[in-house]
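Novice: Sequence:
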Amino acid sequence: MLPGNFYDDIKIGDERLTPRVTVTEGHILAYAGVAGDFSPVHLDEVYAKTTEFGGRIAHGLMGLSLTDGLKVQSAFFRDGIALGWSWNFKRPIRIGDTLQVKFRIRDARVSKSKPDMGILFIEIQLLNQHGEIVQEGEHRLMVPRRPELVAAEASA
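The sequence shown runs 1 to 156 under the working numbering.
If you are wondering where the hints come from, they were derived from the structure by calculation, not from laboratory data. Be aware that one or more of the hints could be misleading.
Said to hold, decoys possible - Cross-link-like lysine-lysine pairs, in silico, DSS-like; alpha carbons within 27 Å at most:
{"hint": "1", "residue 1": "11", "residue 2": "102"}
{"hint": "2", "residue 1": "112", "residue 2": "49"}
{"hint": "3", "residue 1": "90", "residue 2": "102"}
{"hint": "4", "residue 1": "114", "residue 2": "49"}
{"hint": "5", "residue 1": "90", "residue 2": "49"}
As the list claims (entries may be wrong) - Estimated spans, in silico, between C-beta atoms of each pair:
{"hint": "6", "residue 1": "34", "residue 2": "5", "range": "15 to 21 Å"}
{"hint": "7", "residue 1": "26", "residue 2": "90", "range": "38 to 44 Å"}
{"hint": "8", "residue 1": "61", "residue 2": "116", "range": "28 to 34 Å"}
Glycine is no exception: its CB is placed at the ideal position from the N, C-alpha and C atoms.
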C-alpha cells in the first residue's frame, strides 16, 4: 500500500507539520548548480555582507523547493500532482536555519475533468527555527480518489 491519504480521506481544516531540514551551504551550492543562479548574494560572503541581508542567503525558490519536498516527506498526500502555486517571500533563509512546513487544507473539490481525482487547496507556511514565517502561499494539488468510491459513483 502506498503511503498517504486518498482525496476522500482528507477533510477541510486538516492541518499538519512536516519533518524539518537544516539549510547547509551544500543546499545552496547544489541549488545554484541546478537553477543556474550564481548570484553573489548566495555564493560570495564578502559581497553578501555589503547587502541589506548582512550575509549570504539561500535562493528564494530554493525555499519553495524545500517546501514542496517537506510536504512530500509528510506522507500525508497520495501521489499528488501539482497544479499551481501562489507564493510570497517574507524573510531571508540563512545557512543554519532549520525549516519546517505547516500546511492546512483550505478547500477541496472533485476534479471536473478527472472525476477519479480531487483538487486540494492548501495554505502553506514555511517556518524557521524561531517560528517566523519565511515564505507562505497556497498550493493546488490534485490527488487520487478512492477507486471504490469512484466506481460506486459511476454505477449510480
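Novice: Hint by hint, say whether it matches the structure.
Specialist: Verification of the supplied hints:
1. With a CA separation close to 16 Å, the supplied pair residue 11 and residue 102 stays within the 27 Å bound.
2. Straight-line distance between C-alpha atoms of residue 112 and residue 49 comes to about 51 Å, which puts the hinted pair past the 27 Å bound.
3. At most 27 Å may separate the alpha-carbon atoms for a hinted pair to count; residue 90 and residue 102 meet this at roughly 15 Å.
4. For a cut-off of 27 Å, the pair hint linking residue 114 to residue 49 is broken: about 51 Å separates their Cα positions.
5. Straight-line distance between C-alpha atoms of residue 90 and residue 49 comes to about 20 Å, which keeps the hinted pair within the 27 Å bound.
6. Here the CB-CB span from residue 34 to residue 5 is close to 30 Å, at odds with the stated 15 to 21 Å.
7. The hint said 38 to 44 Å for the Cβ distance between residue 26 and residue 90, and at roughly 24 Å that hint is violated.
8. Distance hint check for residue 61 and residue 116: the Cβ-Cβ separation is about 32 Å, which falls inside the suggested range of 28 to 34 Å.
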